[in-house]
Amino acid sequence: MKRFEREGQHRVDVTLNGERAGAHCEPRMLLSDFLRQQLGATGVHVGCEHGVCGACTVRIDGVAQRSCLTLAVAADGRTIDTVEGLAPAGQELSDLQQAFRRHHALQCGFCTPGILMSAAEFLERVPHPDEAQVRDLLSGHLCRCTGYTNIVRAILDVARARGAERA
Amino acid sequence: MKPAAFDYIRADSADEAVALLAEYGDDARVLAGGQSLMAVLNMRLAQPKALIDIHRASDLNRIEDDGALRVRAAATQAALMRYAGLEHKAPLLAQALPHLGHFQTRNRGTVCGSVAHADPSAELPLCLATLDGEVVLRSKRGRRSLKARMFFTGMLQTAREPDELIEEVRFPRLSTGERQGFVEVSMRHGDFAIVALAAVVSREAVRLGVGGVADRPTVAHWPRLEGAALDDALNQLAWELGAQDDHHASAVYRRHLVRTLGRQLISRLLREQDA
Amino acid sequence: MRVRRRPAPGIDCKPPSSGSRLVSIGSDASVSPGATGWTGQPFERREDAALLTGTGRFADDLGVRPGTLHAAFVRSPHAHARARAIDVSAALAVPGVRTVLTGEDIRRWAAPFVVGVKAPMEHWCLAVDKVRYAGEPVALVVAGNRYLAEDAADLVRVDYEPLPVAVEIAQAVAEGAALLHEAVGSNVVSDRSFVYGDPDRAFAAATHRVRLDVRYPRNSCTPIECFVAVAEHLAGGEGYDVLSNFMGPFSLQAVMALALKVPSSKLRLRSPRDSGGSFGVKQAIFPYVVALCLASRKAGAPVKWVEDRLEHLSAATSATGRASSVEAAVDAHGRILALDYDQIDDVGGYLRAPEPATFYRMHGCLTGAYDIPSLRVRNRVVVTNKTPAGLVRGFGGPQVYFALERVVHEIARRLQLDPLDVFRRNFIPRAAFPYRAAAGALIDSGDYHGALELAVRDGALEELRTRRAQARAQGRLYGIGFAAIVEPSISNMGYITTVLTPEARARAGAKNGAIATATVSIDLLGGVAVTVASVPQGQGHATVLSQVVADVFGLHPDDIAVNVELDTQKDAWSVASGNYSSRFAGAVAGTAHLAAMRLRHRVAAIAAAQLNCAPADVVFAGGKLHSRAAPDRALHFARVASGPHWAPALLPEGQVPGLRETAFWTPEQLAAPDAQDRINTSAAYGFAFDICALEIDRATGSVRIDRYVTAHDAGRLLNPALADGQIRGGFAQALGAALMEDFAYSTDGAFLSGTFADYLVPTAAEVPEPMILHIETPSPFTPLGAKGLGEGNSMSTPVCIANALADALGPEVAAEAIALPMTPSKILALIGMADPPPAKPPTAASAQAPKSGGRALAMSGAVELKAPPQAVFDVLLDPAALAAVIPGCHALSAIGEHRYSADVTLGIGPVRARYRAEVALSEIVAPRTLRLAGCGTGALGSAEGSGRVTLSPAGSGTRLEYEYEVSVGGKVAAVGGRMLEGAARIVLGQLFERLDRRALLGTDAAPAESAWKRWLHRLGITQ
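Those protein sequence lines, which keep their order, are chains H, L and V. Start counting the first sequence at 54; every next residue gets the next number (the working numbering). Start counting the second sequence at 176; every next residue gets the next number (the working numbering). Start counting the third sequence at 1314; every next residue gets the next number (the working numbering).
Don't read these hints as lab results, they were simulated from the structure. Just so you know, these numbers come straight off a predicted model, no measurement behind them. Each hint can be trusted.
Beta-carbon label-pair distances, calculated as ranges:
1. P2150(V) / S442(L): 22 to 30 Å
2. D187(L) / S2214(V): 44 to 52 Å
3. A1786(V) / T351(L): 39 to 47 Å
4. H181(H) / H1949(V): 49 to 57 Å
5. H181(H) / R1749(V): 52 to 60 Å
6. D420(L) / R2017(V): 20 to 28 Å
7. R1749(V) / Q144(H): 56 to 64 Å
8. A1842(V) / D420(L): 57 to 65 Å
9. A217(H) / A1842(V): 38 to 46 Å
10. H181(H) / T1779(V): 33 to 41 Å
Facing chain H, from chain V, some residues (calculated, C-beta under 7 Å):
11. L1365
12. R1622
13. A2034
14. A2070
Covered stretches of chain V, as calculated for chain H (at least 3 residues, CB under 8 Å):
15. 1356–1362
16. 1368–1379
17. 1536–1543
18. 1845–1856
Note that CB positions come from ideal geometry on N, CA and C, so glycine has one too.
Bound conformation, chain H alone:
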């Protein structure tokens, strides 16, 4: 059991994109705010703060979820991955990020980090998705710019390319 008093500033330590990171916060601070304001991960975007738009999606222990519906204190000790850590070391962009650029799968780019984090987990779980599965995944994200088509294409393209590489 661990108690965090309401007014207090409590230390929260996480592994953020492979590096140890930590800061103090109140129990009520949302993980989205903590990542952005305390740890500088401003690629985590806040679009609705009620779990619908998906812009704030990050991976906690590998699992894509809404950082606006998670408390920072609840993430203490966890491994958190955000868009800042998506590209492999030494590379500017991962294959997924490259595919998004190639397919014009983003415009304003505000929803994109969340979508990338969802897609990253999804492709690990579902390596050979069909279009309907990709659209089902994406239904947990709102994008107002693209009409989604190119996002679907980019994700399918990555799945195909990875499949070809494995084969």
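Assemble the complex: chain H is given as a structure, and chains L and V must be docked to it using the hints.
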């Protein structure tokens, strides 16, 4: 949209959670996945003095099968969805879960949390009620088990006492000869249902659960009905639910869906059973 | 005419469930400059690397000065009320709170915003006396962080006197309507009529008159990033410095400066590199910018505000709602001779700049794609108790075309013509461009017939018609709709003055033009940089500018640095700057081209001296310069271009030092309205022709788009991949507008769409892939021949889908009944739903439809109580007992006869809403009847209930009949609309149960079973 201040206490076991609930009672809310509660907190619609977070209580993060599917308090919807053999053990759940929110919210949201929130349009309370499942409530005073129909008492309201933890919910497994089916109409994929129907059909009887219309999931128990008798029963049920207009759908539309989709669903299950 | 097509022919547009049908567009990596250079190539975006790695620079990502404070607004829960007093003492007592800005400060330091019409209306950045829409800001709390600011905002107490409301247009214009701005004397704040040509004669001569009354709803494109602003009051009379995601038009900079009462040079507006979508919407941040400036002044520190989603949905802005009557005079062959529009715009509580521009942006081209010589128009602007309206993608177009293209559909139906023939007979002919439309638009170029034939052919309309025939033969509901729209771009800044009479216009002075600016410079090492005042929100301006400017200098786009941040104290900008009216491709990119060409001429002159050729013979290619005659003797661009910095003395005769050119450009065709009110509203006019084939599911009323074809002519395409992105995005938003998006208000003006679970925007599961086709007829009026294309589908798609639905539903459904958004529930209502009565009366309590303008929820019913009437009545009249009966009542104290103040906490599940309430009993006739009313406000909003309770003996107990009306406003209504009815019933249920229990005190009887429990076991139903 930021929550009001609260104490946050992480319970690492069911025992700890129950002890904390005894201490705080109605001043505390149990936080599991937070997919309903956190939004309510962010909007300040609820301002509890304390949150008791059970998501790391390892003894609560399990799904077991002892004749019923026992889903413990910290088990996620995604875990249930991926539970081996779910489509054979509880086909209704396998059919309903993809309608429940989205990949990203199921990853974190818990089964018991959805049941605890008792949203009248939510899929899991409907499944639990239709399958005649149970909710196991535990407090320092002991354990009790309530049938879903006794547990859901109204919109967002349940029979849980302030010091009780929903320790697990139990979904009965599919019985031999039973067919189960689920159908939902919502404005968009993953939205709360305008009307959701869950049905269990056996040789002798039909159970039809309706979500999204009344203030709680409502289950009709009928003998095996067909033709005009089924239509009559569905019509009466559609009216008894007290459908309301809202800005997405009219009461007439909801009644209509109960009748037409109810008939389609039950007829299909009866046909499958006969086949 | 160039024809492009994309995607591959025959691609189907089935919804996602139909499986994988996407055609990959393949890699763009191999793109190389085409015959005309980089411009026109689907170049990858240079913006993307940062955005894909989380290193974008959005307004909320930029560091702020240490000591910056954070703001939270206090907002009205009422749609219409007088704010009698405001008490901020409890808020100020919260540790960490610096100050609270209220209407009193605003009156002292600010001025009301200028209004676009002559009417005595005041709109301030915070409410100063009345609130006129739910969500209107009334105070602003400044604290150390947002959490604290919200804590304190909840403690600000505003004493409201609720007023009658005017929520819908019909209500607002009715005799005796509640007046929003009393000094105007009417809710109609502008009423202008226009006549062009000879509509009287045309209507008299017409064989057919086709008339339609339609409505356009209030919706918004809701960018995923909300408003963000950081404002700082500068010491020493230096004014204000603001960083925000404001998007323009920068004419509003003047509006803000005037409201702040500072010289406009002392209001510095800065924009960050990235903005998370806008679609017109972020125009509406400007009143908040003013409030934040004043908050900074009061706080003595910079103040930052990040709008949250509830604030955004409820109070940011909305597309203007419209009620239109439109009538067409049509000859026997389907030729339209004249149009008559009677339009009423619902602009919400205030006429906020640039309204009433929704009307006048489209004014010159109200005749659409058609050659119609005569036109009559009446435009009325009406204020209502709703959020102020403003720019939303398509701005004015969706409203006009929903009326016009529905009428064209109706003409075809009534005259039994192929709709295509109605288009063909009425389109402006190819040879007629530039074409002067009746109301003054000078439509620059086009080939409407060509675009139609392309869509028909490549969209395989015949196949769709076969599908329709087959579907109908099987009794299925399949429909095909069309829409043809002219898409204006590059707005004339003078169009808004069309709202004034010619005389008033003459007095006010002429306004016209659409100045665009761009600066191109070359630095010490020959690096080329471009800055523009275009304020993009994801449209890829930097990419396109780099393509355009690279071509000018013979460089690679990666060689061009583009900075799209804007600083009004340092950059070149003007009245029309900003990102709206699809002005980038036509105006801004063209102006950058002009600036680059000027610079190129200068570099060419320098190089010519070294190459011994005439400047005109200098060729820029591959990063080098050479003379046309001697391609082998090339100089490096960087070497030549940097020279003037290092050795200005060596410049050729007549050259000035420095390599920086700023171009200002305005389309000369954009004149002010003339004395006959003719106005060329835009510089360029694109075209779109859409075909929609869809099927309605008879069981659920849901719509499946079978194919959507959209053929565009936007002149020259500068980057076709970005163009298609604009089309797809606009299409998706328009699909939402057609089928699901709607800002819902209750009849009492409470806002009901406060979350993304209530305001529904399409997801990937709902948006099919449109087939996109292009033709290119370059504009003769823009520097690069480009026109806008980002708004076309906002204009064409809603009505195209509506026409397809009308076609699917058949002639039995009245044309007027097609009203957006067409939800499954509405569609099924039009198909007809059998709703047979129950065999036995249902036991559930009944709810009635609310009366117009009345409270939103009305309930009536009866409960059986075990206590006798007198005992029940005694409880109601005894304050101590009453306190125990009212659910959640903490304290009740008398403030008059049968009037009490109370502190009440209502709870449903985890939700707790605390209200400071007044409770009153009236119409007392003991022991039979009384009225029990309560009203309260709290941090979560307002609640009011009033009802008559009638008691009659029933056996040893009482039959209690009730008729209740309940009204809930503020946050609870905005986010819990789906559950309000249920919540109100729960509270009433609790009230009656407690009443019975209390009345039975001292007796042995158990309280009555609740109504719910009683019907629980009927018919085998369990819960």
